[in-house]
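Colleague: I would like the entire structure built from these sequences, with the hints used as guidance.
Each chain, letter by letter, is given below.
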Amino acid sequence: MIPSYVPPKYKVEVDPNKCMLCERCTIECSWGVHRREGDRIISYSNRCGACHRCVAMCPRDAITIKENAVSWRSHPLWDIDARADIYNQAKTGCILLSGMANAKDHPIYFDKIVLDACQVTNPSIDPLREPMELRTYIGKKPKQLEFEFVEEEIDGKKIKKAKLKTKIAPNLKLDTPIMIAHMSYGALSLNAHLSFAKAVKECGTFMGTGEGGLPKALYPYADHIITQVASGRFGVNEEYLMKGAAIEIKIGQGAKPGIGGHLPGEKVTAEISATRMIPEGSDAISPAPHHDIYSIEDLAQLVRSLKEATRWKKPVFVKIAAVHNAPAIAVGIATSDADAVVIDGYKGGTGAAPKVFRDHVGIPIEMAIAAVDQRLREEGLRNEISIIASGGIRCAADVFKAIALGADAVYIGTAAMVALGCRVCGRCYTGLCAWGIATQRPELVKRLDPEVGARRVANLIKAWTHEIKELLGAAGINSIESLRGNRDRLRGVGLNEKELEVLGIKLAGE
Amino acid sequence: MEEVVIDAKDMHYRELNEKIHQILRENPDIKKIVLKNVLGQRFIGNGLQKKGLTIEIYGIPGGDLGMFMNGPTIIVHGNAEFAPGNTMDDGTIVIYGSSGDVTAHSMRGGKVFVRGDVGYRSGIHMKAYKDKVPVLVIGGRAKDFLGEYMAGGIIIVLNIDEKGNDLGKIKGRMIGTGIHGGAIYIRGEIDKDQLGVAADIKEFTQEDLEKIKPYIEEFCKWFNLPEDVKNKLINSKWTKIAPISKRPFGKLYTPDLM
Numbered sequence: 001m002i003p004s005y006v007p008p009k010y011k012v013e014v015d016p017n018k019c020m021l022c023e024r025c026t027i028e029c030s031w032g033v034h035r036r037e038g039d040r041i042i043s044y045s046n047r048c049g050a051c052h053r054c055v056a057m058c059p060r061d062a063i064t065i066k067e068n069a070v071s072w073r074s075h076p077l078w079d080i081d082a083r084a085d086i087y088n089q090a091k092t093g094c095i096l097l098s099g100m101a102n103a104k105d106h107p108i109y110f111d112k113i114v115l116d117a118c119q120v121t122n123p124s125i126d127p128l129r130e131p132m133e134l135r136t137y138i139g140k141k142p143k144q145l146e147f148e149f150v151e152e153e154i155d156g157k158k159i160k161k162a163k164l165k166t167k168i169a170p171n172l173k174l175d176t177p178i179m180i181a182h183m184s185y186g187a188l189s190l191n192a193h194l195s196f197a198k199a200v201k202e203c204g205t206f207m208g209t210g211e212g213g214l215p216k217a218l219y220p221y222a223d224h225i226i227t228q229v230a231s232g233r234f235g236v237n238e239e240y241l242m243k244g245a246a247i248e249i250k251i252g253q254g255a256k257p258g259i260g261g262h263l264p265g266e267k268v269t270a271e272i273s274a275t276r277m278i279p280e281g282s283d284a285i286s287p288a289p290h291h292d293i294y295s296i297e298d299l300a301q302l303v304r305s306l307k308e309a310t311r312w313k314k315p316v317f318v319k320i321a322a323v324h325n326a327p328a329i330a331v332g333i334a335t336s337d338a339d340a341v342v343i344d345g346y347k348g349g350t351g352a353a354p355k356v357f358r359d360h361v362g363i364p365i366e367m368a369i370a371a372v373d374q375r376l377r378e379e380g381l382r383n384e385i386s387i388i389a390s391g392g393i394r395c396a397a398d399v400f401k402a403i404a405l406g407a408d409a410v411y412i413g414t415a416a417m418v419a420l421g422c423r424v425c426g427r428c429y430t431g432l433c434a435w436g437i438a439t440q441r442p443e444l445v446k447r448l449d450p451e452v453g454a455r456r457v458a459n460l461i462k463a464w465t466h467e468i469k470e471l472l473g474a475a476g477i478n479s480i481e482s483l484r485g486n487r488d489r490l491r492g493v494g495l496n497e498k499e500l501e502v503l504g505i506k507l508a509g510e
Numbered sequence: 511m512e513e514v515v516i517d518a519k520d521m522h523y524r525e526l527n528e529k530i531h532q533i534l535r536e537n538p539d540i541k542k543i544v545l546k547n548v549l550g551q552r553f554i555g556n557g558l559q560k561k562g563l564t565i566e567i568y569g570i571p572g573g574d575l576g577m578f579m580n581g582p583t584i585i586v587h588g589n590a591e592f593a594p595g596n597t598m599d600d601g602t603i604v605i606y607g608s609s610g611d612v613t614a615h616s617m618r619g620g621k622v623f624v625r626g627d628v629g630y631r632s633g634i635h636m637k638a639y640k641d642k643v644p645v646l647v648i649g650g651r652a653k654d655f656l657g658e659y660m661a662g663g664i665i666i667v668l669n670i671d672e673k674g675n676d677l678g679k680i681k682g683r684m685i686g687t688g689i690h691g692g693a694i695y696i697r698g699e700i701d702k703d704q705l706g707v708a709a710d711i712k713e714f715t716q717e718d719l720e721k722i723k724p725y726i727e728e729f730c731k732w733f734n735l736p737e738d739v740k741n742k743l744i745n746s747k748w749t750k751i752a753p754i755s756k757r758p759f760g761k762l763y764t765p766d767l768m
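So the protein sequences, as listed, match chains A and B.
FYI, the working numbering numbers position 510 of the first sequence as 510, with every residue one higher than the one before it.
FYI, the working numbering numbers position 249 of the second sequence as 759, with every residue one higher than the one before it.
Since the hints were made in silico from the structure, they are not lab data.
One thing to keep in mind: the hints can contain errors.
[To be verified] Derived Cβ-Cβ restraints for the label pairs, each shown as a range: (1) B/707 / A/77: 31 to 39 Å; (2) B/549 / A/479: 45 to 53 Å; (3) A/294 / B/671: 23 to 31 Å; (4) A/6 / B/754: 26 to 34 Å.
C-beta atoms are modelled at their ideal positions from N, C-alpha and C, and glycine is treated no differently.
Modeller: Structure follows, in structure tokens:
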């Protein structure tokens, strides 16, 4: 046995003066940090991931979790993480797994973009009095509308009536431009999914299934659910495709561009096996590529095959990770009969990814939205396809900026989980989520009440929606349609010329 | 009406498939649809749910034949393009010629019989669930990466030519790469170095023979092969390729808590 050389990352202390030995922490911690020994609680700090479950549940506020202050010789290059990773890999010889989003200190461009506001000449609008239109339609829009004139006799008079000749493709109707991202049943618990489903129904928006199939318990909400088809095709059959409101083909994911998905066999419980339609305990592997897709023409073929299977009644989205050639791919997607392109940035969360991918692969979503929107405009295709942005959207301002950079709507993933109580501890891949969100253990899953969860998520979406209305009013516009791609409303602070050029925005003061 | 004939000459795939749906709508008792002059039309039978329906195709259908199909039988008098049986749920596809790459991709149930050869990565990600066990029977040979990431079901390679003569030793490489369920049965010998990672050669038992026998018999019936060929196939030397583990890549990643 090779010993671990890494000291605990956190230090857990139970104040014996406050503790009443109720042992609640020993039950609440799914990592086994706390244990009662005689008349005190002993804490094994090395197991702690700072998920705060014990802290939140301690009736006496007796628990403190701090970053372990143990000193490492400081070094600008060899930071603690770099050294700890090496110790761990030297011990195991394995690929380091990680959860949640990119943990590197890369610039967050959203925070270097500020919004413009109206003053006198173009007055702002008060959203408390004036109607604000946040309704968004996701899907193909016709290049132009064609009419035919039919002569009809009304009251003895011959009248020419205009009739719409153009066939309008099915679109998703969103009451707010915020949707909940695809996170699979398997990665997340059923109660987490139920919380999302109830919330999106209440808010007039949509959630994604991820690639884990559609559990029967979500059927009542199916008209607010976008089903996903990934390379593993888990749970995909005709019924599944017909059930949801739209279908999303997952090509790539922001947290791990270029690699597939992998739900380890021990997490494939009876319920997971039923929705994924694979045997219990079997690995659920989604290979990196779809093996029927080797070119943009093949991708078009899959889009069309899904359209055929659903008789051209369901919008089909294609999700790609934000990478440098995303604009070219988006052009291909736009010409493939797909209805929306989803771009997932490298700050997007994940249940499990090799750390080296999570932290190093992909490009910022802000750049990708701007570049895709720009390229689609240049090709004359922007009107025909919707853009959905995801990956690291943290607040209403991020939503607003993403739309102003060119998106039609956004997906939120981590933010929706945080609304449920997630502490971004990054240990989703262990399946032991103490908050009942990223786990399948029945005793943990039931900690999350779907009614309470739905309330919290719906509250978040509604709060952001109010804020977006306020921001729209301040910008002097009364419809989200007028914000889309309206980069004149954005200014850069602390960005260089090239960054401003890619984002397509001016520097503050210009 | 029990049978309808469609002349697919110069027809766009959407028109052809819409016509099939229309016929099914208007004739609930229909048993057979015959498609003549098919040339590359894609998605034929895509998502069709009707059990007891046969679609007979004369010509060469395009890609994704019978994709998401659940129930019908498709008989192709000719070759088929790539991915026939893609993500198929149930039903039967019978191809008198050869078929392209990724034949039976992610197939979950039903059967695909190909008289000739199949292309690269056939049977990829085939999976099984409860009573749904997909079966791919290949008369000739398969290109490399047969049964890649296979998660369930049965692939049988008969290794015979048009007349039923042996084709000699199979040369395919990377067989069963990443396999974590199901089994591949190949008539003849296979060397270990022809296998992909996670695949292993397992003992071919009487139980295995009983398992594949009905499908060999069904294959011979579909393609009208004489009794002696059938007996030869059944009584040949078979190689069984199956996963080393249900969790082939489990040890690749760091253990849960570091």
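Colleague: Decide, hint by hint, whether the structure agrees.
Modeller: Results for each hint:
A C-beta distance of roughly 36 Å is found between residue 707 of chain B and residue 77 of chain A, which places it inside the suggested range of 31 to 39 Å. At about 49 Å, the CB distance of residue 549 of chain B to residue 479 of chain A agrees with the hint of 45 to 53 Å. One distance hint, 23 to 31 Å for the beta-carbon pair residue 294 of chain A and residue 671 of chain B, holds here, with the actual separation near 30 Å. Taking 26 to 34 Å as the suggested C-beta distance range, the pair residue 6 of chain A and residue 754 of chain B conforms, at roughly 32 Å.
The structure fails none of the hints (numbered hints given earlier).
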